[in-house]
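If you want the building blocks of each chain, they are given just below.
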Amino acid sequence: MALADDLERVSASAEPFADPNERMSGILAAQPLGASPVYLCSFESETGTAWLALDDEARPLTDASLVHEAASLAALVEVVEELAGVELREPRLATNAYLDEIGSRLEGGLAAAVEQAFPAAEAVAEQVVERHKTPLA
Amino acid sequence: MEGGFPFGGDPEDLMRSLREFAEQQAEHVQEAQREQFATLTLNTAVELTAAALAQVQTQGGVDQQALSLRDAMRVLFPEAVALVSAARQGFMRER
Chain A
14 MALADDLERV SASAEPFADP NERMSGILAA QPLGASPVYL CSFESETGTA WLALDDEARP
74 LTDASLVHEA ASLAALVEVV EELAGVELRE PRLATNAYLD EIGSRLEGGL AAAVEQAFPA
134 AEAVAEQVVE RHKTPLA
Chain B
155 MEGGFPFGGD PEDLMRSLRE FAEQQAEHVQ EAQREQFATL TLNTAVELTA AALAQVQTQG
215 GVDQQALSLR DAMRVLFPEA VALVSAARQG FMRER
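Those protein sequences? They're chains A and B, same order as listed. When the letters of the first sequence are read in order and numbered with the working numbering, they come out as residues 14 to 150. When the letters of the second sequence are read in order and numbered with the working numbering, they come out as residues 155 to 249.
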């Protein structure tokens, strides 16, 4: 329940960042190596999706590379879960250890999957940084 | 793995899938909140009902007292649930 509690807490802090024409639509949790958990909140409007990355204290992140890293990790995990046929019933935190664990179930191995998924994951991460609601440096 | 690669290696498809997963997690959180709300409401209603029943003055034999308490409970418990639920919803709206 700990992650669900964190998602609830961070979601509540992210909601006020929604513009009048937006709604907070989702939340992802990722923890790059050597970093604290990063919560990527999505906001939907008629013009598309905007993102806001918050730290464990529910404060908006300002470090573009950390946001990029977290989004890329979340995207890689998404691809590898799909390849490994993982069906999730509970929220999960995307970490390198989790990526290794589900990657070990792949016949072709994790390295091959990551190699193929990497360009798309990087493109997704760039979009998250570009469409971030607060300034990143 | 060629040909079977998810999302066709397309960033837009991957982004769509990521957004859908993010939405699922947000829905899971909302569902957990609703369950927590329902449990808290019922627990508080039980406590309120028990406290109210302790104030009820019953007369007669054991059987008559049991019937009186059951009748009181029939009225008190739904009222306590409604009261606590309304109070909590008011609280939730203010968040």
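Bear in mind the hints are in silico, worked out from the structure with no lab data behind them. Please note that the accuracy of each hint is not assured.
Lysine to any residue pairs mimicking SDA-like chemistry, simulated, CA-CA at most 25 Å apart [what the hints assert, rightly or not]:
1. A:Lys146 to A:Pro33
2. A:Lys146 to B:Gln184
3. A:Lys146 to B:Gln243
4. A:Lys146 to B:Gly244
5. A:Lys146 to B:Glu166
6. A:Lys146 to B:Ala192
7. A:Lys146 to B:Glu201
8. A:Lys146 to A:Pro29
9. A:Lys146 to B:Glu181
Each hint tested on the structure:
1. The hinted pair formed by Lys146 (chain A) and Pro33 (chain A) meets the criterion: a straight-line CA distance of about 13 Å does not exceed 25 Å.
2. Note on Lys146 (chain A) and Gln184 (chain B): the hinted pairing holds, with a Cα-Cα distance of about 23 Å set against a maximum of 25 Å.
3. Restraint check: the Cα-Cα separation between Lys146 (chain A) and Gln243 (chain B) comes to about 30 Å, which exceeds 25 Å; the hinted pair is violated.
4. For a cut-off of 25 Å, the pair hint linking Lys146 (chain A) to Gly244 (chain B) is broken: about 31 Å separates their Cα positions.
5. Under the criterion of a C-alpha separation no larger than 25 Å, the hint pairing Lys146 (chain A) with Glu166 (chain B) is consistent with the structure, at around 20 Å.
6. Between Lys146 (chain A) and Ala192 (chain B) the CA atoms are separated by roughly 35 Å; this puts the pair beyond 25 Å, and the hint is violated.
7. Between Lys146 (chain A) and Glu201 (chain B), the direct Cα distance comes to roughly 45 Å. Violation of the 25 Å bound is thereby established for this hinted pair.
8. Restraint check: the Cα-Cα separation between Lys146 (chain A) and Pro29 (chain A) comes to about 12 Å, which is no more than 25 Å; the hinted pair holds.
9. Between the alpha carbons of Lys146 (chain A) and Glu181 (chain B) the distance comes to roughly 22 Å, so the proposed pair stays at or under 25 Å and holds.
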